[in-house]
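Undergrad: Residues per chain, in single letters:
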Amino acid sequence: MNAILRGVASATLALALALAGPAAAQTPPNVLVVGQIAEPASLDPHVSTAANDFRIHVNIYDGLVRNKPGTLEIEPALATDWTISEDGLTYTFSLREGVTFHDGSPFDAETVKFNFDRMLDETHPFYETGPFPLSFNFASVEDVTVVDEMTVEFTLNEPFAPFMSNLASPTGLVVSPAAVEEFGEDYGRHPSGTGPFKFEEWESNARVVVSRNDAYWNGAPSLEAIVFRPITDANTRVAEMLSGGIDVLVETPPDNVATFRQDANFTVHEAVGPHVWYAMLNVKEGPFADKRVRQAVNYAVNKESLVDDVLQGTAEVSAGPIPPAFNWAHNDEVEPYPYDPERARELLAEAGAEGAELTFYVTEGGSGMLDPVPMGTAIQADLAAVGLEVDIETYEWNTFLAEVNPGLEGKADMAEMAWMTSDPDTLPYLTLRTEAWPENGGFNSSYYSNPQVDELLNSARTSTDPDERAELYKEVQAIVHEDAPWLFVANWKQNAVTTANVEGFQLQPDFSLVLRNVSKN
Amino acid sequence: MTAYIIKRLLTAIPVIIGLSVIVFLIMAMIPGDPALAILGSYATPENVERINRDLGLDRPLPEQYLIWITNLLQGDFGRSYILNRPVIDEVLERLGATMILAGTALVLCSIFGILAGVVSAVRQFGWTDRVVTFFVLIGISMPAFWLGLIFILLFAVQWRILPASGMYAVYGGGDLSDLIRHLILPAATLAIVATGVVARLTRAAMLEVLRQDFVRTARAKGLDERAVVYRHALRAALVSIIPVIGVQAGFVLGGSVYIETVFQWPGLGAMLVKAVSTRDLLLVQGGVLVAAALYVLVNLAADVAQAMLDPRLKS
Amino acid sequence: MSVAIAPEIRSTRLTSWQLLMTNRLAAAGLFVLVAILLLAALAPWLPLPNPNITDQPNRLHPPFSPGHLLGTDHLGRDILSRLLWGTRVSILVGLSATAIAAFFGSLIGLVAGYTGGRVDDVMMRLIDMLMAFPYILLALAIVAVLGPGLLNALYAIALVNIPFFARNIRGVTLSIRHREFVDAARLSGKGHTAVLFTEVLPNVLPVIVITMSTTVGWMILETAGLSFLGLGAQPPQADLGSMLGQGRAQLFTAPHVSMIPGLMIFALVMSINLLGDGVRDVLDPRLRSGALNRPMPVTSIEREREQPAERPGAALLEVDGLETGFRSGRSLTLAVKGVSFRLDRGECLGLIGESGSGKSVTALSLLGLVASPPGVIRNGAVYLGGRDVLAQSEQQIIAQRGARVAYVFQDPLTTLHPLYRVADQIAEAITAHNALGASEAHARAVALMETVGIRNARERASAYPHELSGGQRQRIGIAMALANDPDVIVADEPTTALDVTVQARILDLLRTLRRERGLALLLITHDFGVVAQVCDRVAVMKDGEIVEQGDTRAVLDAPRHDYTRRLIACVPELGQGRRFLDNVRPLFAPQRQETEA
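Chains as they are written, first to last, in UniProt numbering: chain A, 1 to 521; chain B, 1 to 315; chain C, 1 to 597.
Derived from the structure by calculation, the hints contain no laboratory data.
Watch out, some of these pointers could steer you wrong.
Label pairs and their calculated CB-CB ranges [as the list claims (entries may be wrong)]:
#1 B:Ile180 with C:Leu205: 42 to 52 Å
#2 B:Leu92 with A:Ala385: 52 to 62 Å
#3 B:Met99 with A:Glu304: 44 to 54 Å
#4 A:Gly184 with C:Pro62: 50 to 60 Å
Footprint (simulated), chain A over chain B, 3 or more residues, beta carbon under 8 Å [said to hold, decoys possible]:
#5 28-34
#6 276-285
Here a beta-carbon is modelled for each residue, glycine too, at the ideal position from N, C-alpha and C.
Please build the complete structure, drawing on both the sequences and the hints.
TA: Structure representation (structure tokens):
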């Protein structure tokens, strides 16, 4: 027996020593390893909906236009320039010459038409390669016409101001028709674009590898290859970063950001983005039907503490429905509600809502939700301090959406929510208009209704003059701030950690991960 | 024997069909649908309806089930709504990973469990027994996911001698030693609990057997203690240990859900958890089906092994 | 085996409590558990901060910070306070889930096991379905259907553990549903439900309780697991699993937040398991009687009196003042009380007595084969060829087993190893004492089988014991005993388990072998008929002592001891009929009164 035990022990030890070898993992030179938060759903940019997938897409594909690095301003990409008709209904694009897809097929006006028809026309032969969840971004497109080989024209059925920013969003990226025709519904696993990196392999649940496109129209990138590695567990992601298994870490858990900041081997990057984290308040029924109660909760919750302590400074206190990242449309005069429990108690007393019982829907996670459970718990505690009794019900993301999207009526008084958008129009248009109540197919699940806001939003959407739009949005912010249909909480500063030898890395306000200018020593 | 195996496989068929009906029903009862997972914040009723129509989820449930089972009989498991690939591809890949992990854990827990059980039975009430029992109980009493976290904290972050997650190194690697390096922590975590169960059972079975008349006969023949314990007692005890290892396989498969989540092991358990939360019905169906079939097969294998060991059961 | 344990003496027997406390691990488990339970129960009265008051600026304080003995969590809440309140919740949930699973699982098991047939089939297939479903996934799905909350998690945990109880209880129910008392109750006109709950249930209950005690810990772990995945307690309520799950986000920056609840779960479950183990040891009658103790290679020999190690000129086998007993708690009950006898070369001595007279224990004591614990040889010597066996080392004693003294046991079905071929078992006896090749040993084994009169020995050699008839099996047993040409064969009731005709043939065989090989035979039996046929001399044992000893004919003709007379009268003669009972009855009448008194 002892002999056997000793044998097993020494064999185990020998094995361990043989395998352990020299310690830390080493990523190869000039190959960037990115720790992703999940396996991509698809490498077809029209099929995907997750920011996580878009981080890969923007490196394989180009759109007609793109956001200028570091901003939300539009700059040319596959289109070299464009004109917009007076009435805002016709957009004409001149396309870049001499661009080819990674599969060798040329880029031209037919290509553009194919891309949009595939998404929008149910009779298109490749519509079946969908579904295309975000195609509603282009729902206002009536027709795409090939003017000549290198000119394409979009006709809209109504003026739609966010059209250009939607074109710059990942849903506007251009895929190779030849590859779609070849692979059909499996195109998402055999992508082909015009971008700085071309697709090499996708090993499920292990990695997606892309390599340098030497023929890139905008100059070949310096990196030889990028490996995207899905690591769903945040701790594991951090552990991989610490143990040297990855070069880039996105969505670092707040508590670990400080650790990386103190370590000279790592660089922490931050960028504000168009993100809003809030708790919608059921305006239709219960205590929150009274504006004073809604304002009271905005006073009662210590938002500074939420962003500084719970989120460890990875977010900023939010004042209204339009995030400061849309700097041209943001109303800097609207200040966040201060933390003032006394004022909250007064308002509650005025409204006769002391000791009200509230049901609060909290999700366990979900896109842009930051740390929803600790946040919800902290809010609950702050509201308890002013005498409001809050019952939290937590749901995983999918169930949460299934409960919240049809409306809170009869179920809950408040619910967490977060949005990342590419245009200031999107969020208020979908969540604050009377026309967007759930029964009308919108996301106004808490039934806010103010005719003035409705009108402002409608005119902003159809205006093509940025200055005019900006004024309208600023007005919306002031009104909504006062009406307080939400508990305004935070705007996320997205973050990423890179190892010190990664250079040229920059986070983009549109939450994409543009790596064409990155190099690694 | 062959007839027996065939009979067992036949009785498994209604179980698996019943299971697939249950999965359909449960998935239908869970609020939410794949469209929500696909659309996230953009899930307007209109968009949801459009996606459901494209996916064929607007049809009545019995019809969906019939379509699924008809396709299944032709070997088509359908396509995952979320992953945009054939269910069978995903499931088989995941199955391979799970079998490597759970299989290793099962082998480890059998070896160490039986070893520990025998040692503590032979040294019953001695200090060896107490020490082994103590450690075995530690294994049984530890939340596996917590143990996994501690392992990562120590081996991957603190000492940096083993990788924290995944199945292969991201770059390079890919060979057997790379796999083993990645396998050590999750397999050990998973095996520790099961080892405890097997060890306790082995100890009890050994003590039972050591009292039996044929062991006294072996002693009366003048065999030395080693032969008595290993050749006679352990051999007989194995007959009752093997089926329990089969049952453990179920627990190891179940427990692998946590471990796969913690260690990012690309296995079936983690896939199923995610598939349930994204309401990826066909993927859940395929995964449960394969997991159940695996469970049935492992138990059958255990029973066959038992029959091989015990000539009395063969007839 | 007819080893009997004499009635124990109550005063020296350990109480259950003392027994539990002698198991140090169980005692430690009990103390830890009691401490945890006390702290958890007293949580509302202890001077603890409110577990739900958040204080973000003071988050993640390490343990032993002022005002926070165990530090604070990610929202600045006091960990100690949350820990104790959370422990309350986790224990309650674990216990309730166990109770629910036990209730429904046992009900299913009872009904399925008792009813049998179709109902059983259908129920077990359903249970199979549950078992084939990866259990955590099932729990996840159930919580997803029912909605969030601790109560729903509890139901999910209970449900996925029903199969475990159902299977266990069904097995036990199956094994007793055709027992006499159940049949009797049914025949007495009781309905099935009544029989199930008044007759079957009480007998299954201990199994249910033991199964519950082993699952509580497991249930607490699983509840923690679900909470860890975020499916348990709703904020701000603390339970151990959700504390661990939420603290996980700070694993690298403030490990104590998740390590402390993890440790608590561990301490709780560990103490429950340690205690449960101990309690089972105490409650299980077999464990308690030592019937599940691991027997040592040689009976423990603790002689109080010195014996000369050699006795020159002794007979082949001489037993002198042998005392063997069984330990129970602190008391030792003697089964053999100073037995002495001798056996010469070629002689056959019959050792006769009723069950419990100590004859088998005497036989087994010769080479230290009495299972120990609890057996102890307290005095006496066994001279084999003039040397005291009991004074020799373990190795020496083992070396003489089968070589100089070989045994033939009573029931050849249980005494042969069921999993080895018979010839291999014989060959093993040979190779234990001779360095011999496998094929040679096999050939010898086959030859031995022929010697003991097994026809087609070559074919039967590869048979397993269960494939042979009772008589053939006993012949294998004898062949095994003959394997090394021993000086003495001890045959312990070699024919008792066989029917009469086979019995006669086996006795014939023994007689022949003795004659041909000059064996000395110690024949243990309760049957004077057998003694009369085979033995030269006889020793009569009663209550651990030899009451009469002498030539077989002389004892048979003129039994001196009353007990001997009674044993002789017990041998029925052909054609005696009812008269036999009439003859025997008066002999035992007084004794029966004694035992009844």
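Undergrad: If a hint holds in the structure, say so; if it does not, say that too.
TA: Here is how each hint holds up against the structure:
no., hint, result
1, B:Ile180 with C:Leu205: 42 to 52 Å, "holds, 49 Å"
2, B:Leu92 with A:Ala385: 52 to 62 Å, "holds, 54 Å"
3, B:Met99 with A:Glu304: 44 to 54 Å, "holds, 51 Å"
4, A:Gly184 with C:Pro62: 50 to 60 Å, "holds, 58 Å"
5, 28-34, "holds (count 4)"
6, 276-285, "holds (count 3)"
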